[in-house]
Amino acid sequence: MSFASVYPYYINKAEKKGRTKGEVDIIICWLTGYDQKKLQQQIDTKIDFETFFKQAPQINPNVSKITGVICGYRVEEIEDELMQKIRYLDKLIDELAKGKKIEKILRQ
217 MSFASVYPYY INKAEKKGRT KGEVDIIICW LTGYDQKKLQ QQIDTKIDFE
267 TFFKQAPQIN PNVSKITGVI CGYRVEEIED ELMQKIRYLD KLIDELAKGK
317 KIEKILRQ
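So this note's numbering is basically just the index in the sequence shown, starting at one, shifted up by 216.
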C-alpha cells in the first residue's frame, strides 16, 4: 500500500476535527525526520509504506514514548517493526484528531 494513498485520509481525519494539514505534516516530519520538501517528494512518487519508513532520515528517538492502543493493539507491543511504525503514525494522527496539543503529541 502506498503512503500517498493513505495520506489524504490522515488529512481528512484531522480536518474533520478542526485540525490542519500543516499539523499532520508536522507530526509526520517529527516521526520520520523528513523535512516538508522530502515529505512531499515521497507523496508525489507514491512509494509504499515500507520504502517510506526505510528511506526516513531518522525515526524520532522519542518514539518509545508513544504508547496506547490503536486498532485493538498496544503500539508498544507490536513485534513487526514496519507495522509498529505505521501504528505509531496512526496513533499520533488519532491524538491530533482527539484535540491533543501538538506539544503533547510530539512528546515534548
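Hints were generated in silico from the structure; no laboratory data involved. Among the hints, erroneous ones may be present.
[As the list claims (entries may be wrong)] Cross-link-like lysine-lysine pairs, in silico, DSS-like; alpha carbons within 30 Å at most:
1) K281 to K233
2) K253 to K316
3) K314 to K233
4) K307 to K254
5) K316 to K229
6) K262 to K314
7) K270 to K254
8) K317 to K237
9) K281 to K320
10) K320 to K254
11) K262 to K307
12) K317 to K229
13) K316 to K233
14) K233 to K262
[Claimed, not checked] Simulated DEER-style distance windows between Cβ atoms:
15) K316 to D260: 27 to 33 Å
16) K254 to P224: 26 to 32 Å
17) R290 to K320: 18 to 24 Å
Think of the CB as a built atom: it goes at the ideal place given N, C-alpha and C, for glycine as much as any other residue.
How the hints compare with the structure:
Our distance criterion of 30 Å between C-alpha atoms is met by K281 and K233, whose separation comes to about 24 Å. With a C-alpha separation of about 26 Å, the suggested pairing of K253 with K316 holds against the 30 Å cut-off. A threshold of 30 Å between alpha carbons decides the hint, and for K314 with K233 the separation of about 7 Å falls inside it, so the pair holds. At most 30 Å may separate the alpha-carbon atoms for a hinted pair to count; K307 and K254 meet this at roughly 22 Å.
Among the hinted pairs, K316 with K229 is consistent with the structure: their alpha-carbon atoms are about 14 Å apart, no more than 30 Å. At most 30 Å may separate the alpha-carbon atoms for a hinted pair to count; K262 and K314 meet this at roughly 28 Å. A C-alpha spacing of about 14 Å is found between K270 and K254, which places the hinted pair at or below 30 Å, so the restraint holds. The suggested pairing of K317 with K237 holds, with an alpha-carbon distance near 15 Å, which does not exceed 30 Å.
The suggested pairing of K281 with K320 holds, with an alpha-carbon distance near 11 Å, which does not exceed 30 Å. Using a Cα cut-off of 30 Å, the hinted pair K320 and K254 holds, with the two alpha carbons roughly 25 Å apart. A threshold of 30 Å between alpha carbons decides the hint, and for K262 with K307 the separation of about 22 Å falls inside it, so the pair holds. For the suggested pair K317 and K229, the alpha carbons sit about 16 Å apart, so the restraint of at most 30 Å is met.
The suggested pairing of K316 with K233 holds, with an alpha-carbon distance near 11 Å, which does not exceed 30 Å. The straight-line distance between the Cα atoms of K233 and K262 is roughly 26 Å, inside the 30 Å bound, and the hint therefore holds. As the Cβ distance of K316 to D260 is approximately 29 Å, the hint placing it in 27 to 33 Å holds. About 19 Å separates the C-beta atoms of K254 and P224, a value inconsistent with the hinted range of 26 to 32 Å.
At roughly 19 Å, the beta-carbon separation of R290 and K320 lies within the given 18 to 24 Å, and the hint holds.
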